[in-house]
Each structure stands twice: as C-alpha cells, then as structure tokens.
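K.L.:
Chain by chain, the residues run as shown.
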Amino acid sequence: MEMFKDKKVRNDIILALVVVIAAAGIWLFSEVTKEDGAFAVVVVDGVETERYPLDTDAEIRLESENGGYNILVIKDGKADVTEASCPDHVCVDQRAAGRTGEAITCLPNKTVITIEGPSDSEVDFVS
Amino acid sequence: MKTKKVAMLGLTIALAMIMSYIEVLVPLSFAVPGIKMGLANIVIIFVLYKFGIKEAALVSLIRVILVSLLFSNVMAMWYSLAGAVLSLSVMWVLKKIDKFSVIGVSVAGGVMHNVGQIIMAIILLGTEQIAIYLPVLIITGTVTGIVIGIVSGLVINRFKNIRL
Chain Z
0 MEMFKDKKVR NDIILALVVV IAAAGIWLFS EVTKEDGAFA VVVVDGVETE RYPLDTDAEI
60 RLESENGGYN ILVIKDGKAD VTEASCPDHV CVDQRAAGRT GEAITCLPNK TVITIEGPSD
120 SEVDFVS
Chain Y
0 MKTKKVAMLG LTIALAMIMS YIEVLVPLSF AVPGIKMGLA NIVIIFVLYK FGIKEAALVS
60 LIRVILVSLL FSNVMAMWYS LAGAVLSLSV MWVLKKIDKF SVIGVSVAGG VMHNVGQIIM
120 AIILLGTEQI AIYLPVLIIT GTVTGIVIGI VSGLVINRFK NIRL
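Protein chains in written order, with numbering that gives the first Met the number 0: chain Z, 0 to 126; chain Y, 0 to 163.
It is possible that part of the hints are untrue.
[What the hints assert, rightly or not] Once the Cα atoms are required to be at most 20 Å apart in a straight line, the calculated DMTMM-like pairs of lysine to aspartate or glutamate come out as:
no. : chain 1 : residue 1 : chain 2 : residue 2
1   : Y       : Lys159    : Y       : Glu22
2   : Z       : Lys33     : Z       : Asp79
3   : Z       : Lys33     : Z       : Asp54
4   : Z       : Lys77     : Z       : Glu30
5   : Z       : Lys77     : Z       : Asp35
6   : Z       : Lys77     : Z       : Glu49
7   : Z       : Lys77     : Z       : Glu64
8   : Z       : Lys7      : Y       : Glu54
9   : Z       : Lys77     : Z       : Glu115
10  : Y       : Lys95     : Z       : Asp56
11  : Z       : Lys74     : Z       : Asp56
12  : Z       : Lys74     : Z       : Asp87
13  : Y       : Lys98     : Z       : Asp5
14  : Z       : Lys6      : Y       : Asp97
15  : Z       : Lys33     : Y       : Glu127
[Unchecked claim] Calculated from the model, a selection of chain Z residues having no Cβ within reach of chain Y, i.e. all distances over 12 Å:
no. : residue
16  : Asp35
17  : Asp54
18  : Asp56
19  : Asp92
What the hints contain is simulated information worked out from the structure, not anything from laboratory work.
Being a predicted model, the structure only gives us computed values, none of them experimental.
C-beta atoms are modelled at their ideal positions from N, C-alpha and C, and glycine is treated no differently.
Excised from the complex, chain Z in its bound form (with noise of 0.2 Å):
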C-alpha cells in the first residue's frame, strides 16, 4: 500500500506496536503475579481505614469524608461495589475483585479497595 511507503506513518505504526507491546508486558507480569485474595483493604485519601475478609460474605457502607458512600458488597470470595453516590459509576462499572493487586477505585470519593493476600494481612491474631 502507498501509505506505508511514507517514512512517518512507518514510525507511527512502529510507535504504536511498541506502546501496545508495552502495555502487554505489564499486563502478563501483573496477571502472573496475581495469586487468590485473603483480604478486601479499603484505602481512603492514601489511609487505610479497614479490612474484610473474602470468606466472609458481606455488604459494607463506606462513608467518606465529602458525604458521599460506596455499597462494598463481598460475596464468593470477591469483592465487588455495587451502588455509590458519585455521579459517573465508574466503581460500579469494574468488575469484581478477587485476585491479589486487582482493585476498584472511585475518584470522587477518594476511596480505593485493593485486595491483598493473606501473607500481606496486618492483623494481629495474638492480641
């Protein structure tokens, strides 16, 4: 094809490969480090406030400081929102998080849910 000819678009393509390449390796080192979750870890504004255990089915209010909430509900050993009070949903919209590094995130509300392994767990089983 004539367009390919052209140096430039020869470099766009070139720079478009090696973006997607990228993005592909980050991916597969993430999903190959990815082990089952122990812990559903809610992290508002960089503070971690609380975690639940996935065993443990459960539906969760998270209130944050600017009014608004997040329904964390845990079910099947995922953790998923499935109601909050910012207007774009994006929480609402990702998928389930089971899997260690997986996360949801609302902006609006500053508030992250990650999921951490049990060898990740602070709890203090002594006291």
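Following the hints, put chain Y in place on chain Z, whose structure we already have.
P.N.:
Chain Y in isolation, oriented as in the chain Z frame:
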C-alpha cells in the same frame, strides 16, 4: 497578541469545550469504565500545528479549568491537568523531532494523557495499586489516539492554505 489571534484562540477554546461536553453527554463507559474518546485533543492538536506550543498550552489549560468547573469538580481538574500537561509536552516533543505524522503524535498524546492521570491518582490517593489500570488505559489511549489523529490530520489539511 493580535486581535485576530485572540478571537481565533477564543473560538478554539469554545470548540474544545463543546468537544468535552459531547463526551459528558455520550460516555463510553460501557466499553471500559471511565474511558473517553479525547475529542478535545483534535482541537489541541490543531492549535499545536497551526499556531504553536504556547497557544496550544493556553487553550488546553483554559479548557481544563473551565470544563472541570462546569461539568465536574475541582478534584477532577487535577487529573485532567496532569493528563493534559504530560500529553501536550510529549506531543510537542514528537512534533518537533519531525519523525512521526500527526497520527503518531496523537497516539502518544492519548496514551500520555491516561498515564498522567494514573500518576496523579497514585500521588493523590497514595496507592500504587492504581497502576493495574495502565495496560487497559494504554491500549484504549492508542486506539482513540489513532482515530483522533486521523481526524486531526484531515482538519489540518483543510486549513493548509488558510492563514490564521
């Protein structure tokens, strides 16, 4: 700044704002949560090619501030700003080295817009876990960048012989 230029840049800002408003009205969230086409980038690329980096930065900055105040919130402004600054900087450099067509420039801009937002989210929310969205956002940035680049190229071509 000449009066004609002030008027032209005012027009492009208005156009960029309408593009952003269209995206508020027609969200693409059904495909990937939170993604956008980046229609306003057509205008930014146009200004970058027809006027220059200073004008493009001005239009981009005013668009981000006005759109955030009108359609979303101050919080969202920080994300847009991070995306816009990183995106425009990279597009400017790529245009300068003159090795890519407008499509390549647009792809880099689309990807960098998303990367900038992720970086801002990591800073504001204090969790690196957000980086998990990078692959999906890089891919969508590439796809939307190609489309936006083709449209921008068409628009710039139409204005080839018109002095602004």
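K.L.:
Evaluate each hint against the coordinates.
P.N.:
Quick rundown of the hints versus the structure:
Between the alpha carbons of Y:Lys159 and Y:Glu22 the distance comes to roughly 28 Å, so the proposed pair goes past 20 Å and is violated. Distance restraint check for Z:Lys33 and Z:Asp79: the Cα-Cα separation of roughly 18 Å lies within the 20 Å cut-off, and the hinted pair is therefore satisfied. Distance check on the hinted pair: Z:Lys33 and Z:Asp54 sit about 18 Å apart at the alpha-carbon level, within 20 Å; holds. Annotation: proposed proximity of Z:Lys77 to Z:Glu30 holds, straight-line Cα distance about 17 Å (limit 20 Å).
For the suggested pair Z:Lys77 and Z:Asp35, the alpha carbons sit about 10 Å apart, so the restraint of at most 20 Å is met. Of the supplied pair hints, the one linking Z:Lys77 and Z:Glu49 holds, its CA atoms being roughly 16 Å apart against a limit of 20 Å. For the hint linking Z:Lys77 to Z:Glu64, the alpha-carbon distance of about 25 Å lies beyond 20 Å, and the restraint is violated. Restraint check for Z:Lys7 and Y:Glu54: the C-alpha separation of about 25 Å exceeds 20 Å, so the hint is violated.
A threshold of 20 Å between alpha carbons decides the hint, and for Z:Lys77 with Z:Glu115 the separation of about 12 Å falls inside it, so the pair holds. This hinted pair does not check out: Y:Lys95 and Z:Asp56 have alpha carbons roughly 56 Å apart, beyond 20 Å. A hinted pair counts as satisfied when its Cα atoms are at most 20 Å apart, and Z:Lys74 with Z:Asp56 qualifies at roughly 5 Å. With a C-alpha separation of about 24 Å, the suggested pairing of Z:Lys74 with Z:Asp87 is violated against the 20 Å cut-off.
Restraint check for Y:Lys98 and Z:Asp5: satisfied, since their Cα atoms lie roughly 11 Å apart, inside the 20 Å limit. Using a Cα cut-off of 20 Å, the hinted pair Z:Lys6 and Y:Asp97 holds, with the two alpha carbons roughly 11 Å apart. The straight-line distance between the Cα atoms of Z:Lys33 and Y:Glu127 is roughly 15 Å, inside the 20 Å bound, and the hint therefore holds. Listed as a non-interface residue, Z:Asp35 keeps its Cβ farther than 12 Å from every Cβ of chain Y; the least gap is roughly 16 Å.
With a cut of 12 Å on Cβ distances, Z:Asp54 stays outside the contact zone with chain Y, its closest approach being about 21 Å. Look at Z:Asp56: its CB is around 23 Å from the nearest CB on chain Y, clear of 12 Å, so calling it non-interface holds up. Residue placement check: Z:Asp92 does not keep its beta carbon more than 12 Å from all beta carbons of chain Y (closest about 4 Å).
In the structure shown, a violation is registered for the earlier hints numbered 1, 7, 8, 10, 12, 19, in ascending order.
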